[in-house]
Amino acid sequence: MIFKLRKSRLITIISAIITASIVVACGPQGGGGSPTGQVISISGAGATFPAPLYQNWFKTYAQQVDPNVQISYQSVGSGAGLEQYINGTVDFGASDAPISGDRLKSFQERYNANPIQVPMAGGAVVFAYNLPGVDELKLPREVYCGIVTGKITRWNDPKLVAANPGKSLPDKPITFAHRSDGSGTTFIFVNHINTVCPDWPAGVGTSVNWPVGVGGQGNEGVAAQIQQNEGTIGYVEYAYAKLNNLPRALVENKSGNFIYPSPEAASKTFAGTTIPEDFALLVPDPENPEAFPIAGLTWILVYPEYEDAKKWEALKGVLLWALGDDGKKIAEQLDYVPMPPDIVDRVKVTLDKVKVKS
Amino acid sequence: MTDISQPHTPDTTNDQFRKIWTSPRNLFGLFMTGLTGLFAAIAILPLAAIVINVASQGLPLINLDLFTKLPPPPGLSGGGLGNAIVGTLIVLGVAFVISTPIGVLGAVWLSEFGRGSKIAYWVRFSANVLSGVPAIIAGLFSYTIVVMTMGTFSAFAGGVALAVVMLPIVMRTTEEGLVLVPEEVRLAAFGLGATRFETVSRVVLPAALPSIATAVTLALARAGGEAAPLLFTALNNNFWSTDLFRPIATLSVQIYFFAIIPFKPQQELAWAGALVLLSIILIVSIVSRFLTRRKSY
Amino acid sequence: MAATSTPPESPEVAMIRVRRNLRYYLDQGFYYLTMAFALAIAITLVWIVIQIGLTAIPAITQFGLGFLTSTTWDPVQNIYGILPQIYGTLVSAIIALVVAVPLGLGIAIFLSEDFLPTYVTTPIAFAIELLAAIPSVVIGLWGIFILIPFLRPFYTFVHRYLGWIPLFGTEPRGNSLLTLGLVLAFMILPLITSISRQTLVSLPPYLRQGAMALGATRWETILRVLIPAGFSGIVGSIMLALGRAMGETMAAAMLVGNSNRINISLLEPGSTIASLIASQFGEAGRDQVAALLYAGLVLMILSLIVNILAEIIIKKFQNVER
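Protein sequence lines correspond, in order, to chains A, B and C. Numbering-wise (the numbering used here), the first sequence opens with residue 1 and increments by one. Numbering-wise (the numbering used here), the second sequence opens with residue 1 and increments by one. Numbering-wise (the numbering used here), the third sequence opens with residue 1 and increments by one.
Only chain A is shown next, with the shape it has when bound in the complex (with noise of 0.2 Å):
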């Protein structure tokens, strides 16, 4: 049988080609090694929302500064990851909402001191829509608390058509996409509503009993809703609807501007704000009037004392880089909003109060 006669030449092919990814495998990891001093690893866990840019700050910081610093991030989501970080499994955490309540307890009996959490990074989540020949769609306050909470339900709603003269708004029901996961993106979003919207009925959190709409899984899944139904918008990351060309809506905030959102215009909404001792900053309503309303920060939390002198300089070293102007400029680039320099100054006063064990 022909198969019979190849066998012996498909196994000399297999074992060539397990040879050779072995080799493979292992080539970059002889030759790729630190070519001075020891590699400090260090691992931290958490929000999903600031992901890609940690990973590019990290990586960027080992292939341009050094290369013995290897940070490695991964996203469980901030609940998960603010649980690592009291269970100590972790180098550092990493959420979407400040650390509070019960979790702020159990950290302080454990460490027997506060937590340090300090903000990286913001950005802005915004409403996408599907409605084709529509472009620049102005949402009034009342119209987009209407659609949440399923008081507005068409499109050529009379307060609609109001406030887009010259719009050709269509006879259409409006299906309002959600979040079904948990997600930091569905915290900054409700924390506005839930400020905004006097009849909201959910309260706050990460994931809410929503009123009405459809759920999709995680960005992609609000995307793909908005994309194959004409007639839905959907609130998402900003850098998610610009990449994936999704039509943003302008929001009126509140001093009664509509604001078409950019990472620029998010970043007003922290100017000028006095900002507590421990950081947890939450601007649900922002007063510069031309600030984007809908935007919120990101934290990492370190450990109030370390074991390891070296891996916490290293730790620093990157934080402080990653909020300065090469990390400034990553951020810019994925469209998250920077730290502005009188946070950035606070930052470092408090980094420099964590000890570490001689």
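A portion of the hints provided could be inaccurate.
To be verified - Lysine to aspartate or glutamate pairs mimicking EDC-like chemistry, simulated, CA-CA at most 16 Å apart:
1. 105/A - 287/C
2. 105/A - 278/A
3. 328/A - 342/A
4. 353/A - 313/A
5. 172/A - 157/A
6. 167/A - 135/A
7. 118/B - 311/C
8. 172/A - 171/C
9. 316/A - 352/A
To be verified - Sample of chain C residues lacking proximity to chain B, with all beta carbon distances greater than 10 Å (derived):
10. 18
11. 40
12. 51
13. 66
14. 72
15. 77
16. 91
17. 107
18. 119
19. 160
20. 166
21. 248
22. 265
Said to hold, decoys possible - Restraint ranges, calculated between C-beta atoms of paired labels, are given here:
23. 118/C - 25/B: 26 to 32 Å
24. 118/C - 101/B: 42 to 48 Å
25. 231/A - 28/B: 27 to 33 Å
26. 28/B - 316/C: 22 to 28 Å
27. 63/B - 198/A: 53 to 59 Å
28. 127/C - 211/A: 32 to 38 Å
29. 63/A - 123/C: 40 to 46 Å
30. 101/B - 102/A: 39 to 45 Å
31. 48/B - 20/C: 54 to 60 Å
32. 211/A - 122/B: 43 to 49 Å
33. 184/B - 127/C: 31 to 37 Å
34. 127/C - 310/A: 18 to 24 Å
By construction, these hints were calculated from the structure, which means they are not laboratory data. The beta-carbon is built from N, C-alpha and C at its ideal position, and this holds for glycine as well.
Position chains B and C relative to chain A; hints supplied.
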């Protein structure tokens, strides 16, 4: 074709033995053949669609870089999944080393020694229930027993989590293979004075090797694609690591992370990663089949 | 053994004795080793249940059995109930089985009997096993961006002409229990096909020979002899598959729509226990984690019940002894 259905010396003059295609029994057979053929086609079409889809999205990115470079940070392109490929092999290796002996020998006990007993009944039950445990819970299990006690995420913890996922599949599938080894084979071995150990290790297990290979391949395939149990055990590593007791990158976690972020180069890498994962399983499957060519009785 | 009364042994006899003892202990050791490993799986399960139960205690004490009958899931107020998830888990798993069992068995028969030459069947069997290796997140993405748009016209068709059946009574939305059921069917197909095929191939040849010698046609042999003989293997594969279908997390979370409602229509989005855990665990607060693990416990109990039912079915219908 089977020889049985056709007489060795066909007597064409004798109509009595000729196959009558219009008889209801043969028509039924024809109908069923067509139906199963149709089923096979129905199932294979979407299957082929997924595989082709993964292949066509992943193939353009298959190059040397994919195997030798580290993943590009989000927002940049280039790079590969080298560390994740190595990591997947290591974590799957650990899971294989843990789950195969336990699964196969456990199955030996179920089919050879404990057949019909109460304990066997409950063990089989546990395996079935365990197969329905969501993968994320297998991860939490390993998290509490390995990560919490060692104080750090590790490749080993990931292997333990995947072993929990693999164990029921290995054990139940192997058992089905062992049960089907004819009883006469065992009796013959005992008759020659072999002990239970010798009977099992020299006669029964070799006879069931193809089933065991299927069992392990299926289990590895299932485990290889799971990201949920690894999130809280192997975590991730953006750099090269072969250390069993440090966090490690794996293909499934890397695919999961890259699939849900908005950047195109990463999404493409996710597809390439899926293709690599498929290829690894394909190689395992082919190799295991060559090593366990059927011994029939 | 009374060592004092035995006469002095020749070295050869002693060797034999030692060897025999070695064989004996090896045999005993082997027996207990296999037993220990078999028990290991049961212990693992119990361990997992205890571990999860401990974390779930706050939710268990707070919600009790009302957890199973309540339809509220409100992480802000910390009020939880999982009736829609139980419903969704069972319905999607049933859809998956209804589709995958005939398909999987059909393929297993098609590949194990000699309908086609082995150089055709072997690659197909390979391909089917490969399907098990596609990461569920990739299947989920494939489902969202390729399968759902593809299925939409069919759903619309079904709704238009069969809409009078409550099961298809609502406007199709894409993400739905039906979509999830269909995708799960393809995810469990490899398990059913591979194990059933292996079972059929491994049946002793004399069963086939005997049946055919008695004048049975090929299909009579398959249906009346081979399938009953391999029944426990086939049901075993279905049970493993059902477990997989009920426990699938990522693909479920991405395709089911995660809506916290019970709707008789299969075209409406729903939710499953595993998808609930997968989509909320990462960001959950502590009370929510307890509730999610309580849900995980419920899932395991569901799986236990289903397995007991399967065991009863096997006992009732398996009429061919091996």
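Which hints from the list above does the structure break, by number from lowest to highest? 11, 12, 17, 21, 24, 25, 28, 34
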